[in-house]
Amino acid sequence: MKFGGKGMIQLMDCCTTWVWKNEYTPSRWREGVVVNLFKKGDKTDPGNYRGITLLNTVGKVFCKLLNDRIVGVLEKELLEKERSISEGQAGFRQKRGCVDHVFTVGRIFQGRKRAGKPTYCFFLDVKKAYDTVWRNGLWKQLSKYGIKGKMWRVLKKMTECTKSAVMLDGELSKFFEI
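Throughout, the working numbering is defined as the position within the sequence shown, counted from one, plus 1.
To be clear, the hints were calculated from the coordinates, so they are not data collected in a lab. Keep in mind that the hints are not guaranteed to be accurate.
[Claimed, not checked] In silico SDA-like pairs for lysine to any residue, Cα to Cα no more than 25 Å straight-line:
hint	residue 1	residue 2
1	Lys164	Gly73
2	Lys151	Pro27
3	Lys149	Met168
4	Lys158	Leu169
5	Lys175	Tyr50
6	Lys61	Gln142
7	Lys141	Tyr50
8	Lys175	Asn68
9	Lys157	Glu32
10	Lys157	Arg70
Predicted, not measured: the structure shown is a model, and the values here were computed from it.
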């Protein structure tokens with residue numbers, strides 16, 4: 002896509018605009034292919050492999066655009082209702098990442114140490130959270146925080162009937178629902 006030039010950009014714009022307007026997401030956008038990447042060490046040890054899911058590129062671009070809209074609405078909604086977003090919240094926020102989170106945690110530790118207060122910290126690894134999300138609760142919360150109408154419907158469509166298959170030794174398994 003990087004080298005597709007103006008034609009690729011126009012095609013992507015046309016495609017994502019059509020999907021948004023018609024509230025239809027192609028099934029291919031909801032399919033992933035899981036492949037194992039060797040990290041290092043003993044190739045016979047399954048722990049030395051990392052599974053990643055390859056997704057449709059156009060679908061990923063659309064999801065990024067949709068996510069940017071959702072995050073914007075959520076941040077605006079929280080600010081308007083005078084609910085502050087904690088500085089400790091770095092995930093799923095625009096222009097925030099791991100480095101911001103490490104910096105924030107460091108500042109919290111420094112401030113609490115100066116104040117002579119005990120500090121407790123834990124980290125939550127949510128890498129497998131997708132499979133365990135209570136979807137109905139998620140939809141209610143999103144609606145509560147201002148994700149409604151077309152945005153809600155398109156997001157819901159993107160997460161319905163998601164499927165994956167596994168690629169192993171050049172062979173693709175049957176798709177299964179996730």
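Hints versus structure:
no.: 1; hint: Lys164 <-> Gly73; result: 28 Å, violated
no.: 2; hint: Lys151 <-> Pro27; result: 16 Å, holds
no.: 3; hint: Lys149 <-> Met168; result: 37 Å, violated
no.: 4; hint: Lys158 <-> Leu169; result: 29 Å, violated
no.: 5; hint: Lys175 <-> Tyr50; result: 21 Å, holds
no.: 6; hint: Lys61 <-> Gln142; result: 24 Å, holds
no.: 7; hint: Lys141 <-> Tyr50; result: 37 Å, violated
no.: 8; hint: Lys175 <-> Asn68; result: 29 Å, violated
no.: 9; hint: Lys157 <-> Glu32; result: 15 Å, holds
no.: 10; hint: Lys157 <-> Arg70; result: 14 Å, holds
The structure is inconsistent with the numbered hints 1, 3, 4, 7 and 8, although it conforms to all the rest.
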